[in-house]
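Trainee: Starting from the structure of chain A, add chain B where the hints point.
Number of protein chains: 2
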Amino acid sequence: MLVHSVFFWLKKSAPKSARAALVKDCLKYLKTPSVKHLWAGPPAGTPERPVIDATYDVGLTVVFDDVKGHDAYQDHPDHLKFIERNKKHWQKVAVYDIE
Amino acid sequence: MLVHSVFFWLKKSAPKSARAALVKDCLKYLKTPSVKHLWAGPPAGTPERPVIDATYDVGLTVVFDDVKGHDAYQDHPDHLKFIERNKKHWQKVAVYDIE
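In order, the protein sequences belong to chains A and B. Going by my numbering, the residue at position 12 of the first sequence is 23; the numbering climbs one at a time, nothing skipped. Going by my numbering, the residue at position 72 of the second sequence is 83; the numbering climbs one at a time, nothing skipped.
Be a bit skeptical, because a hint or two may be false.
It does not matter which identical chain is meant; a pair holds if it fits inside one copy or across any two.
[To be verified] Simulated crosslink set (EDC-like; lysine to aspartate or glutamate; CA at most 20 angstroms straight-line): (1) Lys92 x Asp76; (2) Lys79 x Glu110; (3) Lys39 x Glu110; (4) Lys23 x Asp77; (5) Lys23 x Asp89; (6) Lys23 x Asp82; (7) Lys103 x Asp77; (8) Lys99 x Glu110; (9) Lys27 x Asp76; (10) Lys27 x Asp77; (11) Lys27 x Glu59; (12) Lys47 x Asp36; (13) Lys35 x Glu110.
No wet-lab data here; the hints were simulated from the structure.
So that you can see chain A by itself, here it is in the shape it has in the complex (with noise of 0.2 angstroms):
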């Protein structure tokens, strides 16, 4: 099991639409051959805590067997164009991956 999180912070000058276009490219771009499963979204309505982060503008949580499925997630062409699509507008990136 390899749990690959990503957190976006997306920079001031982008678009209003721009959360919404990223989370919507995560599920049309990133769901490729090794993903088992994959949830993307804005921060939760969950009550406020101070552990919780929520200064970010998207979260991304995908999951592979392994970390040959996340490398070859990493390299496959639908991931790339995500990347080459979206990546103007990111002000930080944050990944943690477990194991």
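Mentor: This is chain B only, laid out in the frame that chain A set:
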């Protein structure tokens, strides 16, 4: 859908066994009735990249149908027992909830 991602940084003073014990307790105590998927583990062996944060000790990803499922989990006695058993070793906890 609600994806609840938690990253734990342990205190320098925590025993060497604390990391494995935390993963074990995630798997033992946190699969409460509203949980659809649950994974826990240390940082993975994915290739190093500047965007990857691998400074934490344990990551936990829990998936629920909705915020209501998440809230039931937060209040579940087994979740509270998990916190009680492990929190003494936590230096920092970061939570990201997406929906």
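Trainee: The structure should be examined with respect to each hint, and the outcome stated for every one.
Mentor: Outcome of the hint check:
Taking identical chains as interchangeable, the C-alpha atoms of Lys92 and Asp76 are never at most 20 angstroms apart, the minima being 23 angstroms within one chain and 30 angstroms between chains. In the homo-oligomer, the alpha carbons of Lys79 and Glu110 lie at most 20 angstroms apart inside one protomer (12 angstroms), although the nearest pairing across protomers, at 27 angstroms, exceeds that limit. Proximity of Lys39 to Glu110 under the C-alpha cut-off of 20 angstroms is restricted to the inter-copy arrangement: shortest distance 17 angstroms between copies versus 25 angstroms within a copy. Taking the closest pair of Cα atoms, Lys23 and Asp77 never come within 20 angstroms of each other, the shortest separation being 36 angstroms inside a single copy and 30 angstroms across copies.
In this assembly of identical chains, the alpha carbons of Lys23 and Asp89 never lie at most 20 angstroms apart, being 26 angstroms within a copy and 41 angstroms across copies at closest. Taking the closest pair of Cα atoms, Lys23 and Asp82 never come within 20 angstroms of each other, the shortest separation being 31 angstroms inside a single copy and 32 angstroms across copies. Taking identical chains as interchangeable, the C-alpha atoms of Lys103 and Asp77 are never at most 20 angstroms apart, the minima being 26 angstroms within one chain and 27 angstroms between chains. In this homomeric assembly, Lys99 and Glu110 never come within 20 angstroms of each other (Cα to Cα): the closest approach is 30 angstroms inside a single copy and 24 angstroms across copies.
Proximity of Lys27 to Asp76 under the C-alpha cut-off of 20 angstroms is found in neither arrangement, the shortest distances being 35 angstroms within a copy and 28 angstroms between copies. Taking identical chains as interchangeable, the C-alpha atoms of Lys27 and Asp77 are never at most 20 angstroms apart, the minima being 36 angstroms within one chain and 26 angstroms between chains. In the homo-oligomer, the alpha carbons of Lys27 and Glu59 never lie at most 20 angstroms apart, since the shortest distance is 24 angstroms inside one protomer and 32 angstroms across protomers. With identical chains, the CA atoms of Lys47 and Asp36 are at most 20 angstroms apart within one copy only, with a shortest distance of 17 angstroms there and 24 angstroms across copies.
Proximity of Lys35 and Glu110 under a CA criterion of 20 angstroms is satisfied inter-copy only: 13 angstroms between copies versus 27 angstroms inside one chain copy.
Of the hints listed earlier, those the structure fails to meet are numbers 1, 4, 5, 6, 7, 8, 9, 10, 11, in rising order.
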